[in-house]
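Heads up: the sequence lines are chains A and B, in that order.
Numbering of the first sequence is given in the numbering used here, commencing with residue 37 and proceeding in unit increments.
Numbering of the second sequence is given in the numbering used here, commencing with residue 37 and proceeding in unit increments.
Derived from the structure by calculation, the hints contain no laboratory data.
All C-beta atoms, glycine included, are put in the ideal place defined by N, C-alpha and C.
It is possible that part of the hints are untrue.
[What the hints assert, rightly or not] No more than 30 Å apart at the CA atoms, straight line, and that leaves these computed lysine-lysine pairs for DSSO-like:
1) B/Lys176 x A/Lys282
2) A/Lys134 x A/Lys103
3) A/Lys158 x A/Lys38
4) A/Lys265 x A/Lys285
5) B/Lys282 x A/Lys282
6) B/Lys176 x B/Lys158
7) B/Lys176 x A/Lys265
8) A/Lys286 x B/Lys150
[As the list claims (entries may be wrong)] Simulated DEER-style distance windows between Cβ atoms:
9) B/Glu278 x A/Ala191: 20 to 26 Å
10) B/Glu175 x A/Gln224: 17 to 23 Å
11) A/Glu175 x B/Lys265: 28 to 34 Å
[Claimed, not checked] Short, incomplete list of chain A residues facing chain B, as computed with Cβ under 10 Å:
12) Thr83
13) Pro84
14) Gln93
15) Ser94
16) Lys103
17) Lys137
18) Thr195
19) Ala203
20) Ala220
21) Asp226
22) Gln248
23) Gly250
There are 2 protein chains.
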Amino acid sequence: MKIVCLGSGNVATHLAVAFRKAGIEIAQVWSRNMVHAAELATAVDSTPIDDLGAVDQSAYMYLIAVKDDAIESVAAALKGVNGLVVHTSGATSIEVLKEFKNSGVLYPLQTFSKGKVLDLTKCPFCLEANSAAAYLILEKTASAISSALHKVDSAQRKTLHLAAVFACNFSNHLYHLANTILAANNLQFDLLRPLIMETALKVQDDLPVRVQTGPAIRNDESTMNDHIKLLSGSPELQELYESLSKSIKKTG
Amino acid sequence: MKIVCLGSGNVATHLAVAFRKAGIEIAQVWSRNMVHAAELATAVDSTPIDDLGAVDQSAYMYLIAVKDDAIESVAAALKGVNGLVVHTSGATSIEVLKEFKNSGVLYPLQTFSKGKVLDLTKCPFCLEANSAAAYLILEKTASAISSALHKVDSAQRKTLHLAAVFACNFSNHLYHLANTILAANNLQFDLLRPLIMETALKVQDDLPVRVQTGPAIRNDESTMNDHIKLLSGSPELQELYESLSKSIKKTG
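Please construct the entire structure, taking both the sequences and the accompanying hints into account.
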């Protein structure tokens, strides 16, 4: 039972390390960049390659963890393999792998950073496969690294990916905007860190709509007007403040 | 050394409980609503009152933790007391307490929920007072419940409060919008919870601008176009998606 890992970025690294820790052999790590391939290969006792022609044909799973727009070309180079060919993209349909007898998707719903070790055992993984047999193999393999497995088809996965943009990418950007407001007033981001943690913690066992606080949900027009005035130097922040507040008021 | 607590909402409750735990006596808990006053008074071994005329005149601190628009009227009823009169509002100037010899502000930068016990020892508290002497008293008292004390004037505090709206209230609303997208596709909010936690964790020892991920920061127009199409049922979500993505692209 061995996996070939195609890619050496954040997702490839976190998955390869997790599989290796679970006792699954990573036969090869491919990257366009040999230095990157070697770096990850070293971490998972594997062999680095930078030539797709050199991919081991006998692996039971090929894990394509590359940028969305590179999946198709990497997959094309794997043509003819018997193993399960899997990509890890939230935004890409399983259709991109339709040339393969056994194909699937293993999408971890998490945000990965280089250099930060993450416990994946509770990370939700969205699984899809082109046959019941392929699904069983995929599920068995994924269960080695996580207990939060969900059967999710390509359409649902696209929706999930979109929801993740709101919950993660956009939230992080709001943290950044908050920091620009602080920095302009000689205040440290440290002041907001406990608040940010608690905001995320509150929705771990409740729904966000039930724990919404702030001037918009209480229809506190006076505070909102003060805030708009404070933002007079930035029409962009004013506009975001107004549209997000309007959206919150609708939920009240 | 005893405190009179004016208010019985989330902030009043969390602060009164923390002070009591730190060994400081809560002489009285006042609320317009006697049932609420009694509830909190019971929790902190105090005496409930619903008549501002019955406030103990000899307390060393009066903690006004009521809604912003009620601070002025509660303060008016305390006229003549010698103790330190303090409010807990982020959005309200210390000027509202200018009739008092000793006044201050004790603003906890945190989101409080009823029924959820919070460790306040690392919660940032923003302190302001109308004199050096009053500041010393306030600082000494606040140090009993938190080690993260910051001297912040009224103008800075307003800015902080605004930044907190972005980091907390708006983020929570984005969690909610993400959940509406999931719900419309029969997907559970559970799928997003680990991602939300990790997004908040990532900025605990880094700056958000350094850990931004997602299609906007990579200028992935194809994914963004797909997302806009997926949101075709909701012009409001489309507009938010576009303005937040535009704002992220500017930071890249």
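*Going back to the hint list, which numbers does this structure go against?*
1, 7, 12, 13, 14, 15 and 17
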